[in-house]
Each structure stands twice: as C-alpha cells, then as structure tokens.
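K.L.:
Heads up: the sequence lines are chains A and B, in that order.
Each residue of the first sequence is one higher than the one before, starting from 6 at the first, in the numbering used here.
Each residue of the second sequence is one higher than the one before, starting from 6 at the first, in the numbering used here.
Check before you lean on any hint, since a few could be wrong.
Copies of the same chain look alike in the list, so a pair counts if it fits in one copy or across any two.
Only pairs whose alpha carbons sit at most 25 Å apart, straight line, appear in this in silico DMTMM-like list of lysine to aspartate or glutamate [claimed, not checked]:
no. : residue 1 : residue 2
1   : K166      : E94
2   : K252      : E43
3   : K252      : E29
4   : K214      : E164
5   : K214      : D111
6   : K166      : E83
7   : K252      : E192
8   : K252      : E303
9   : K214      : E355
10  : K214      : E251
11  : K252      : D111
12  : K166      : E331
13  : K166      : D86
14  : K256      : D86
FYI, nobody ran anything at the bench for these hints, they're computed from the structure.
2 protein chains.
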Amino acid sequence: LTEGAPGQARPSAVRLSLRQPQGETALLFGAGLPGAPELAAALAGRTVFALSTPGLRRLHGDLIARLLAPAGRLVELEAPDGEAAKSLEIAGPLWRRMLAAGGKRDSLLVAIGGGSLTDLGGFLAGTFLRGIDLVQAPTTLLAMVDAAIGGKTAIDLPEGKNTVGVFHHPALVLADTDFLSTLPAGELRSGLVEAIKMAAMLGPELLAKIEADLPALLAGDARSLLPVVAGAAAAKCWVVERDPNEKGLRKVLNFGHTLGHAIEGVLGFSGLRHGEAVAYGMLFAMQLQAGRPEADPEFLARLHRLLARLELPPLPLGPGDAAALEAFMARDKKAGEAGLTWVLPTRLGEHQLRQGLPPAEVAAALSRFLADPWAAARV
Amino acid sequence: LTEGAPGQARPSAVRLSLRQPQGETALLFGAGLPGAPELAAALAGRTVFALSTPGLRRLHGDLIARLLAPAGRLVELEAPDGEAAKSLEIAGPLWRRMLAAGGKRDSLLVAIGGGSLTDLGGFLAGTFLRGIDLVQAPTTLLAMVDAAIGGKTAIDLPEGKNTVGVFHHPALVLADTDFLSTLPAGELRSGLVEAIKMAAMLGPELLAKIEADLPALLAGDARSLLPVVAGAAAAKCWVVERDPNEKGLRKVLNFGHTLGHAIEGVLGFSGLRHGEAVAYGMLFAMQLQAGRPEADPEFLARLHRLLARLELPPLPLGPGDAAALEAFMARDKKAGEAGLTWVLPTRLGEHQLRQGLPPAEVAAALSRFLADPWAAARV
Chain A
6 LTEGAPGQAR PSAVRLSLRQ PQGETALLFG AGLPGAPELA AALAGRTVFA
56 LSTPGLRRLH GDLIARLLAP AGRLVELEAP DGEAAKSLEI AGPLWRRMLA
106 AGGKRDSLLV AIGGGSLTDL GGFLAGTFLR GIDLVQAPTT LLAMVDAAIG
156 GKTAIDLPEG KNTVGVFHHP ALVLADTDFL STLPAGELRS GLVEAIKMAA
206 MLGPELLAKI EADLPALLAG DARSLLPVVA GAAAAKCWVV ERDPNEKGLR
256 KVLNFGHTLG HAIEGVLGFS GLRHGEAVAY GMLFAMQLQA GRPEADPEFL
306 ARLHRLLARL ELPPLPLGPG DAAALEAFMA RDKKAGEAGL TWVLPTRLGE
356 HQLRQGLPPA EVAAALSRFL ADPWAAARV
Chain B
6 LTEGAPGQAR PSAVRLSLRQ PQGETALLFG AGLPGAPELA AALAGRTVFA
56 LSTPGLRRLH GDLIARLLAP AGRLVELEAP DGEAAKSLEI AGPLWRRMLA
106 AGGKRDSLLV AIGGGSLTDL GGFLAGTFLR GIDLVQAPTT LLAMVDAAIG
156 GKTAIDLPEG KNTVGVFHHP ALVLADTDFL STLPAGELRS GLVEAIKMAA
206 MLGPELLAKI EADLPALLAG DARSLLPVVA GAAAAKCWVV ERDPNEKGLR
256 KVLNFGHTLG HAIEGVLGFS GLRHGEAVAY GMLFAMQLQA GRPEADPEFL
306 ARLHRLLARL ELPPLPLGPG DAAALEAFMA RDKKAGEAGL TWVLPTRLGE
356 HQLRQGLPPA EVAAALSRFL ADPWAAARV
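Just chain A, with the same shape it has in the complex (with noise of 0.2 Å):
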C-alpha cells in the first residue's frame, strides 16, 4: 500500500499492484482521477471501448467523458444497468458491435459501472478475438472492493448467475470515489459487507476501522471510505496473489456466500442486495461455528455486533424456505463432486474450509436460522 509520490497529479491517491498470471494489475483509488498518468498511459493512441449504462453516463456523464479524454478512438458500448447486463442477450450484440466497430487484439475495454457492468466487459474484453486488454473503472462500493479486483468474469444463465465466464484480470483498476457521491445508501451498505468480510477474514486493522467510522461509512462520507475501499482491496489482493485461480486459499472470499448465493437465488435476485444477503450468509456460517472449540466466541460476538449495526432489511424468508434453499445450495457451481465448501470464520483473521458437512446438520441449523437469524447466530 503505497501512497502517491508528491509532485504526481493527485497525491491523496493509493496505488496498489497485483501479480496474477497474466501480468500485473496497477490499482489506483482516490477522488478525481481523470488525468491518471496510468490512465493515459493506457488509452493514448488505441482503439477504446467504453462499456457504461445510461444510468450512470445522465449521473456522472462529465466525470467519464473526462476519464476517457486520452483515448486514440472512442467506441462507446451500452448495456442495461444492474444484473440484467449480464446475459447472452447483451453480449452478443455488444461482441458484432465491438468488430464492426474495427475491433483489434491491440483494442481496449474501459469497463465503467457497478460489479454487474465490470463482470459483463471483463467477460467481453476476455473473449473478444480470445482476450483484449482491460480497465476496469468501478463506480459502486461493492465492484470497488470486490468485483472489479481478481480477473473473475462472468454472465448468467437463465439457470444460474456467473455460470460462463472466464478469468481476465484487469490492466489497471482505477476507483475513483468522486463515483460514490450519488450511491444510495442501502449500495453502500452492501459493498461494505463485503469490506466487512475481507476484513473479519484477513485485516485486523481494517476491522477496528470500520466499527470505529461505521456512521460515517453508512453516510457515504468520502473522506473516510478511502482508507476502507484500499485496505479492503489491498486485503483482496493479498488473496489473489496467492491463489488466483481458486484452488484454495481464495475461497475465504466465499465467506458468506453460499447461503447468501442461494438467498439471492430463491428471492429471485429482489428484495436484498447482494451484499445484503451476503451479510445473512456470514450470520449463518457464525451460528454453524457457534459452540465449536475452535471457535472464538469473543471473535464470533463482536461480528455480530457489527452487522447488526448495518440495520440490514429483515430477511423476506421463514422456516418454508427451507427445502428451496437446500436445492439452491445443492445446485452451487462451487460444489465440487464431493459437495459444498463451508468457509467458517474460527478467530479474527482465521477461517477455516469444511466439505462434507452432513445435511441433516446443515437443514437443522438452516430451520433454526429462518426462524430468527439474529438469535440464531448469537453466540
């Protein structure tokens, strides 16, 4: 985590950098970023696809037109705001566009919107020609934090979200908070469930820092998102170094997650948001540690201390939801032929991987759940 050198155009910019297997990703976090020298150094004299939504080009049309102002050519692409942009239906018109377009293997995608829009062009920049290059210009919490970071690309199927796709990592990240004047208050809740995560799992620090600037967080104050966007990316990482292609240690990322997934799943993608259900997820992953002796409940209290002070949506389930979200969990495309990866959180920046937990637990844990979570996951 590197400050930028003073003399440089925006000094109050954190600039990280991952390896990964195709190269070296540079990260760039900070308000008002047009004029990045990175940003320049990777749009000058090429052909540039800039992947938006209407949505965002009426809020912050100026912001993106001057983040794109270095670009040799501009070729702008549309996809619908939100989970609907990540479907065959969109992709395809935008791949015939891209090559009527004069589309080449030295073109570039700028990918600029919420982590639907980064998984949707980080997908087409995979694919187009075998593999564009990519940057990706995320303008939510949760894509900054999360979804933009780490190469995964994906649309949906009918049958399940993220189900095709590929890994392509990014050239560059670039974060510019400036995005997140105009994010609701219930987006930026969600995306901070996801700092919350990487921090319960990895960052010590980052976790103090929340609890100490939550109100603020909550608010959307800029000033204090900044420290909490890098060091939850620098957290991110630090994952994806190590295990770019999910092999293990990055399933931490999951924690969560496969309920959450299969909250989402059964609610139809309505109702909660992402991170929302995500935080619904950690609480059930909590309640099946609860009482285990490698679990510490210290650690396992003063997280739920912490979400509770999100004040989430109640969860629209009850105890007849049951049976769908074990179908739902059933069908995970994480599951390996053995079954579901349990990511259980044991002790402030430990976890630890369970497979093969018997049904019969898991169905009875998840009835008590959907009775009250809350109380539920209270240790």
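Let chain A serve as the given structure and place chain B on it in line with the hints.
P.N.:
Same frame as chain A, but now just chain B:
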C-alpha cells in the same frame, strides 16, 4: 516424441507432451485408443459431457462409446456438423444443458469431432463455470495436426470467424486414427495442407516424408498417416510451448492463413475447404517472396511442386475479386493498429514476419495471383 513403452496396451501409440500456461497436455496418437490408461484416468468417477455430432455418431458410434466407457456419469451433447457448430445459437443451449444436467467445476468435457467441433467444445469448456477440464478427441486430419492442439478455442460471429473465444488447453488430446478411415479424400487433402505448412516452416524431415508418401497419404493409408500426424503435431507442440499466446513465434502457424481466411470469407465459406484455401494462401505468400534476396528459390520451387501434387480444386475467384479480398484482410482480427503481419517463407525451416507491406504492392501481387495463382507463384 516417445513411442509407447512395451507392455502398454497400445505399443504402436505415439505419446507427446506439451507444457502450457495452465499445466501440461498429454497427447496420444494411434489406432484403437479405447482403453488407453490416460483416457481412463481422465474420465473415471467424473461427470463427463461428451460433445459430438449426429453425423459422427452414425459413422463411429461404437468407437465413440468404447472411448467414453470409463466415464463416471455420461451426459451427451450434440452440435451440428461443420462450421455451423461454432455459433452463439448453438453454444447458448449447450451451456444451459450442461448446467441443468448438474455440471460442476470438476466436471469434464470431451469434444469428439473435427476442428469446428473441437473449437466449440474448447470454448464451452473454457467458459463453463469459468473453465472445466477438457479432452480433445479430434477425428479429422486437420483437427489432429492443428485445431485440437494449443488451446485456441472460439466460436464465430456473423461478422467474422473465431472472433469470440479463449485460450483453454486440453488436459489430454486423444487422436484415434481409426476415425480417419471414413474421412473423404478432400478432407484428407485439407488436413495435409496444414501438415505441409508445419513441415515447410519447422520440420525438414517431415517435409521429406510427406513428399515420399503423398499418394498413400492422400489415399488415407493409416500406416503412412500416423507418423505424419504425430510429426506435424510435434511441430505444433514445439511452437506452442515457446509462444502459447501468439505474441511472436506462434504467428508462424499463420503461414498461408492471411489470404486463406480472406478467400474463405469472400467465398462465404463454401466451395473450398479450409486447407485448400490455405494452400492458395501459401502460394500467394510464396509469390510475395519470389525474387527477394532472402528467399531460397529452390525451396520455393520445391514447395510449389508439392502443393501442385495435391491437385487442389481450382480457385473459384478471379481478378474482379481483388477488392473484396483486400477489404476482408483489412478486417483481419490478427491485424494490429499497424496492419497485417505476413508470414513469408525464406528457406526450408525458416521464415520471416513482415508488417507494413505497402498496400499497393499487395494489390498488384493479388491481381497477378488471381489471374493465375500457379503461374504467379512459380519461381
């Protein structure tokens, strides 16, 4: 190039190995490969997606069934014969079927077919759940010496071939030459062109062998084909190991393909087979070199004689098609912003890459070529 050790089930099989960025690819060439231990090890205990075509199942259903016998659980997938397989319209429902049939990250896809089928199969395996294991079982000469080796996978867009794809290496390439027994003569010739390309650029001994055995090769004689298939495959492996992502050396494999792809495109992919169009492309590259000091006239004449012995169908294009060919080449996906790179033969086993050939020079050469390709390329 190692012959199978005595005592193994198939002592006549040729085994190769290719180190690539994702690991190691084992390659197996021979007659009667069901029961090969490598195949049993790859398939046992897993969900196996077996992708093939109705035409191939009619001709070789029994051989296919014996190859797939070790699979833990078999899910059959079907794609149309030929280039029609390589489309989003085909890939979309196949991805959905793989998911609905319970595909997981440790599932395996086996692609059994010609180059189009192995291209599609590789793309499906490379993108399903961000990549599952792949076995390529090429059934045509072209796929055995070229398409199935080296990790290039793709589908087509209406605007261009191989424009959406990924690099995804097979764990195993299994080329059972028994499939070649039903290959039409034109398909054998088309595949031989790629072997000649590899031999001219990389394998002096292979070139002599093809020259010596040409009648038997064109007649589909299995005993003559095996060493040529294995020799061409070994040459391809040598190149791919040194340049897996086509940053430099691997471009040599594009000899004959710059104009060859344009011929196919202008003909609407009918009238000439891929290898036949590439043979004309090789002739044109030879013409561009004729008279240049770095080109060995004896070698060019030797290659000209060998290509003439293939008795290719006449090129169904004339001088009036020059503009269309030039337009097609200008859109070549391998072009960078600086234009096309031509792979030009110099002497046996040597070549040069030339970028920025003056368009007027190419146009003039093309005009002579289209008037009489064989005369224009004669040294």
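K.L.:
Indicate which option fits the pair K166, E83 if close means a Cα-Cα distance not exceeding 25 Å: within, between, both or neither.
P.N.:
both (21 Å within a copy, 24 Å between copies)
K.L.:
Regarding K214 and D111, is the shortest C-alpha distance of 25 Å or less found within a copy, between copies, in both, or in neither?
P.N.:
neither (42 Å within a copy, 39 Å between copies)
K.L.:
I want to check one pair: K252 and D111. Are their C-alpha atoms no more than 25 Å apart within a copy, between two copies, both, or neither?
P.N.:
between (31 Å within a copy, 11 Å between copies)
K.L.:
At most 25 Å between C-alpha atoms: does K252 with E303 qualify within a copy, between copies, both, or neither?
P.N.:
neither (30 Å within a copy, 54 Å between copies)
K.L.:
One pair to classify: K166 and D86, alpha carbons no more than 25 Å apart. Within, between, both, or neither?
P.N.:
within (16 Å within a copy, 30 Å between copies)
K.L.:
At 25 Å max between alpha carbons, let me know whether K252 reaches E192 within a copy, between copies, both or neither.
P.N.:
Neither: 30 Å inside a chain and 42 Å across chains, both beyond 25 Å.
K.L.:
Please work out whether the CA atoms of K214 and E355 approach to 25 Å or closer within one copy, between two copies, in both situations, or in neither?
P.N.:
within (18 Å within a copy, 62 Å between copies)
K.L.:
From the Cα coordinates, with 25 Å as the cut-off, is the pair K252 and E43 best called within, between, both, or neither?
P.N.:
This pair counts as between: shortest inter-copy Cα distance 23 Å, intra-copy 31 Å.
K.L.:
Indicate which option fits the pair K252, E29 if close means a Cα-Cα distance not exceeding 25 Å: within, between, both or neither.
P.N.:
For K252 and E29, both the intra-copy (20 Å) and inter-copy (17 Å) Cα distances are at most 25 Å.
K.L.:
Quick one: K166 to E94, C-alpha cut-off 25 Å, is that within a copy, between copies, both, or neither?
P.N.:
both (14 Å within a copy, 19 Å between copies)
K.L.:
Using 25 Å as the alpha carbon limit, work out where K214 and E251 are close: within a copy, between copies, both or neither.
P.N.:
neither (28 Å within a copy, 46 Å between copies)
K.L.:
Indicate which option fits the pair K166, E331 if close means a Cα-Cα distance not exceeding 25 Å: within, between, both or neither.
P.N.:
So K166 and E331 pass the 25 Å test inside one copy only (17 Å; across, 43 Å).
Consistency with the previously given hints fails for numbers 4, 5, 7, 8, 10 and 14, ordered from lowest to highest.
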